[in-house]
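Engineer: Next come the chains, spelled out residue by residue.
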Amino acid sequence: MDKVIKVQGVTKTYNPDTIPVHALRGVNLEIEPGEFTALVGPSGSGKTTLLNAIGGLDTPTGGSITIRGQDIAKLSDSAMIEFRKQYIGFVFQAYNLIPVLTAKENVEFVMLLQGKSQEERATRVKELLKAVGLEDQIDRRPAQLSGGQQQRVAVARALASKPMFILADEPTANLDSKSTANLLDIMAKLNKEENITFLFSTHDQRVIDRARRIVTLEDGQIISDETIAS
Amino acid sequence: MIFKIAWRNIWRNKRRTAITAASIFFAVLFSVTMGAINRGMFDKMIDDSVNFYTGYAQVTQKGYWEERFLEKSFELSPALEATLKASPGVKDVVPRLESYALAAYKKITKSALVVGIDPEKEAALTGLSERMVAGNYLNKGEAAVLIGEGLSQKLKLGVGDTIVLISQGYRGVNAAGKYLVKGIISFGAPDMSAKMIYMPLKTAQWFYGATELVTTVVLDVRDKYATELAVNNLRTVLDTANTYDVLGWQEMMPEIMEMKSMKESSNTIVVLILYLIISFGIFGVILMMTKERQREFGVLLSIGMKRSQLGIITWVETMFLGLIGAIIGIAVSYALMYYIFLNPIPITGDMAKAYADFGIEAKICVSIDSDIFYSQGIIVILITTLLALYPCLQIWKMKPIEAMRA
Chain A
544 MDKVIKVQGV TKTYNPDTIP VHALRGVNLE IEPGEFTALV GPSGSGKTTL
594 LNAIGGLDTP TGGSITIRGQ DIAKLSDSAM IEFRKQYIGF VFQAYNLIPV
644 LTAKENVEFV MLLQGKSQEE RATRVKELLK AVGLEDQIDR RPAQLSGGQQ
694 QRVAVARALA SKPMFILADE PTANLDSKST ANLLDIMAKL NKEENITFLF
744 STHDQRVIDR ARRIVTLEDG QIISDETIAS
Chain B
109 MIFKIAWRNI WRNKRRTAIT AASIFFAVLF SVTMGAINRG MFDKMIDDSV
159 NFYTGYAQVT QKGYWEERFL EKSFELSPAL EATLKASPGV KDVVPRLESY
209 ALAAYKKITK SALVVGIDPE KEAALTGLSE RMVAGNYLNK GEAAVLIGEG
259 LSQKLKLGVG DTIVLISQGY RGVNAAGKYL VKGIISFGAP DMSAKMIYMP
309 LKTAQWFYGA TELVTTVVLD VRDKYATELA VNNLRTVLDT ANTYDVLGWQ
359 EMMPEIMEMK SMKESSNTIV VLILYLIISF GIFGVILMMT KERQREFGVL
409 LSIGMKRSQL GIITWVETMF LGLIGAIIGI AVSYALMYYI FLNPIPITGD
459 MAKAYADFGI EAKICVSIDS DIFYSQGIIV ILITTLLALY PCLQIWKMKP
509 IEAMRA
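One line per chain: the protein sequences are A and B, in this order. The numbering used here numbers the first residue of the first sequence as 544 and each following residue consecutively. The numbering used here numbers the first residue of the second sequence as 109 and each following residue consecutively.
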């Protein structure tokens with residue numbers, strides 16, 4: 544099967560000229576379509592750095608990252624923005640919704656950037672907010688939603704562009720148990736029913752328990768890669 | 109969506125937006141008020157002069173405006189009159205014969221500008237007959253005069269009194285005569301009120317010994333714009349190289365035009381300084397808005413928003429910020445200026461005297477020319493566009509990951 548993400552020998556060194564910090568030390572990783580993979584490891588192990596590099600938000604010092612056969616290092620800044628818009632969905636630890644837009648508008652926003660028609664947007668927004676259980680909160684702004692609800696909107700937003708995969712950085716870090724369970728149910732359901740690939744970093748054992756593949760990072764290196772039999 | 113986001117963004121901090129808009133509002137109000145009063149006062153001076161006396165255009169003998177002597181009078185022949193009347197934009201021609209004379213009543217003598225007029229035509233051109241405050245208007249050929257209210261007060265005379273006029277007439281003849289004061293005329297401009305004496309043209313020609321001669325022919329044109337047409341046409345038709353001068357209103361009052369231009373320049377400097385101060389205030393707000401939202405900008409770039417789109421949002425936001433103040437400022441100042449336009453504010457005391465010394469009626473008059481108002485909008489748009497370059501520049505060099513860590 545074609546790889547969605549192919550990470551080869553990726554290194555990332557911060558402050559190379561002063562006090563070098565080696566965040567990634569030759570990471571190799573391949574993600575196939577439909578995976579539900581957790582990147583785990585202690586703080587500072589390089590999880591977020593790796594996600595940022597895969598998402599084209601950060602540039603690796605060495606190695607290559609290929610997404611859907613495209614070496615993303617070869618993309619210009621504007622092409623990378625376009626690439627992210629079309630193929631990658633992001634879920635951030637701090638939700639990062641646009642505060643002045645309602646839940647519906649936040650989800651619709653990415654599709655608007657993609658130039659989707661009004662009709663298509665309306666249908667998809669309805670579908671996604673229903674999928675994350677927020678169909679009755681569509682006109683609320685982020686400040687009027689709980690953390691769990693905001694993160695569910697963030698997941699819906701990430702899915703709005705119909706991305707190839709979703710990168711989620713500590714998506715449950717700010718959520719209580721109930722919201723975490725709820726969010727994980729939604730993510731698992733979307734993964735299973737719509738075959739959406741999820742790659743997320745986490746410390747949270749509840750999340751790890753739901754993952755079907757667990758990649759453990761330590762000091763910028765993958766120390767274990769375990770596929771959980773379903 | 110861009111406009112929606114931008115509009116909602118500026119209301120994230122309502123107080124800050126209100127303060128910024130208020131500063132722009134007051135700047136616009138001040139600038140408009142200053143500009144409207146300045147132009148209003150000068151326009152009044154010009155209009156008073158044009159409507160009360162000079163008209164929009166005149167034909168004189170060559171060099172008359174430089175040296176206004178009776179020797180530079182000329183005959184308004186039927187052929188010349190026909191040529192003038194045939195010029196596009198010209199409704200009628202109004203002849204005058206004017207020169208200075210000494211006006212005496214009892215023991216008081218004052219200098220006066222004695223103008224011979226065609227009573228009917230003058231009334232049609234300048235509305236002279238409507239400015240009568242006492243007595244009756246002139247009839248053609250009668251040996252009577254109308255005098256300015258200011259002059260009548262100086263000479264302490266009234267309707268029915270006889271005024272003595274003494275001057276040097278055409279080609280040095282003695283000019284002297286006694287005339288019945290038939291009416292008193294009111295002028296807005298104190299300067300004119302204190303010096304004007306009108307008499308029928310034939311009477312003036314007899315008084316000055318200048319039979320059939322006139323010093324000026326005022327062209328009765330529809331408005332300022334028709335003036336240009338008429339003046340340009342007559343300059344090609346008449347012998348302006350040797351015999352005649354054709355003058356538009358700007359050329360007849362170069363001092364006022366120069367004074368107006370100087371005043372406008374000084375006002376422009378004051379307005380620029382004001383807007384410069386306001387600009388720093390707006391820039392401070394933009395700086396805060398940009399810094400506060402680094403993380404948000406990073407997220408928007410991450411999820412696929414183009415830098416140019418994000419730049420447009422910040423530009424529109426800045427524009428909204430400026431336009432709120434500008435639009436309210438323009439609306440309020442227009443209402444205020446319109447009110448003053450309809451109800452000029454009378455000036456009293458020393459200030460009134462100062463105005464009188466300049467020959468201006470002691471009233472605060474304003475102009476409501478549209479450019480005074482919309483130019484403020486243009487200035488605000490230019491300033492905000494310039495200031496919006498800062499967030500655009502920040503966005504252009506922004507790295508999403510660093511912005512999100514901010």
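Hints in this document: simulated from the structure, not taken from any laboratory. Keep in mind that the hints are not guaranteed to be accurate.
[What the hints assert, rightly or not] Below are the DMTMM-like pairs computed for lysine to aspartate or glutamate, each with C-alpha atoms no more than 25 Å apart in a straight line:
#, chain 1, residue 1, chain 2, residue 2
1, B, K199, B, E175
2, B, K112, A, D614
3, B, K507, A, D620
4, B, K505, A, D614
5, B, K399, A, D752
Engineer: None of the hints should be skipped; say for each whether it holds.
Structural biologist: How the hints compare with the structure:
1. B:K199 to B:E175: With a Cα-Cα distance of about 28 Å, the restraint between K199 (chain B) and E175 (chain B) is violated, given a limit of 25 Å.
2. B:K112 to A:D614: violated (36 Å)
3. B:K507 to A:D620: Holds - the C-alpha atoms of D620 (chain A) and K507 (chain B) are around 10 Å apart, at most 25 Å.
4. B:K505 to A:D614: holds (23 Å)
5. B:K399 to A:D752: violated (40 Å)
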